[in-house]
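Enquirer: Please work from the sequences and hints to get the whole structure.
First residue of the sequence shown? That's 1 in the numbering used here, and the numbers climb one at a time after it.
Calculated directly from the structure, the hints in this document are not laboratory data.
Quick caveat: nothing in here was measured; it's all calculated off a predicted structure.
Ideal placement from N, C-alpha and C gives every residue a C-beta, glycine not left out.
Be careful, since some hints might not be right.
To be verified - Derived lysine-lysine pairs resembling DSS-like cross-links, with alpha carbons at most 27 angstroms apart:
hint: 1; residue 1: Lys191; residue 2: Lys27
hint: 2; residue 1: Lys177; residue 2: Lys193
hint: 3; residue 1: Lys198; residue 2: Lys27
hint: 4; residue 1: Lys79; residue 2: Lys69
hint: 5; residue 1: Lys79; residue 2: Lys91
hint: 6; residue 1: Lys169; residue 2: Lys186
hint: 7; residue 1: Lys79; residue 2: Lys158
hint: 8; residue 1: Lys77; residue 2: Lys136
hint: 9; residue 1: Lys177; residue 2: Lys57
hint: 10; residue 1: Lys156; residue 2: Lys77
hint: 11; residue 1: Lys186; residue 2: Lys198
hint: 12; residue 1: Lys156; residue 2: Lys69
What the hints assert, rightly or not - Cβ pair distances, simulated, as ranges:
hint: 13; residue 1: Thr157; residue 2: Lys6; range: 55 to 61 angstroms
hint: 14; residue 1: Gly128; residue 2: Arg85; range: 23 to 29 angstroms
hint: 15; residue 1: Lys6; residue 2: Ile32; range: 34 to 40 angstroms
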Amino acid sequence: FDDLLKSRGLNLKVYKGQVKRDIYKNKIMSMIVRNSVSVSEADIDRYLEANPTEIPKGGQIHVEQLYYKFLPEMGTKEKDDALSRLRLFVKNIKVAISNIEATSNIQSNAPKNVSLIQFDANNYVDLGYIFPDDIKEELQDSVRELNIGEVSEPIKTKDGIYIMYLLTKFTTVAEDKEFRAGIRNKIFETKYKERIEKYFTEELPKKYFISVV
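Expert: Structure below.
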């Protein structure tokens, strides 16, 4: 790496300085553009009117799932040990959840606090909005017993162990704040990308003249 820098007339200290300046510039640019993007309730309503198939049905639930797969060579003791470890794992998750103020946007806290993806991204699945009958039969009773924001105890099946996390139960578009928050984020990301593109292709060239030699 040092040799590569030298070939470009740089050293590590100078290179780090350039990287630092680039990071600052990107952060400032992000703040300038991001702060100019907003999503209104009317934007959400228009999006849903244009995309009715994305609206869940009454009675559907939003569930996250963590799956621990049993390997063919695993014996009874290894499976029981895995179950014991996951019971402790769930206990820790429940403590984390209890320390979070119960709000309608609890999902926004999930990545750093309670989301199952935090612990094993490879075995994590966001099942989205589903009916309880849509999941494996062995899991249905446990999921039906969950209240919003609750995590199930580890559910042992013949193929592995499942942990289910219930984010919300869908009622109506107007009442389901978690669902509307998800749509808001989707619209924001689209607007943000469009705003970035417009800033660099239209607004920035008007402010500065760049000559390419």
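Enquirer: Does the structure break any of the earlier hints, and which numbers would those be?
Expert: Checked against the structure, no hint fails, so every one of them is satisfied.
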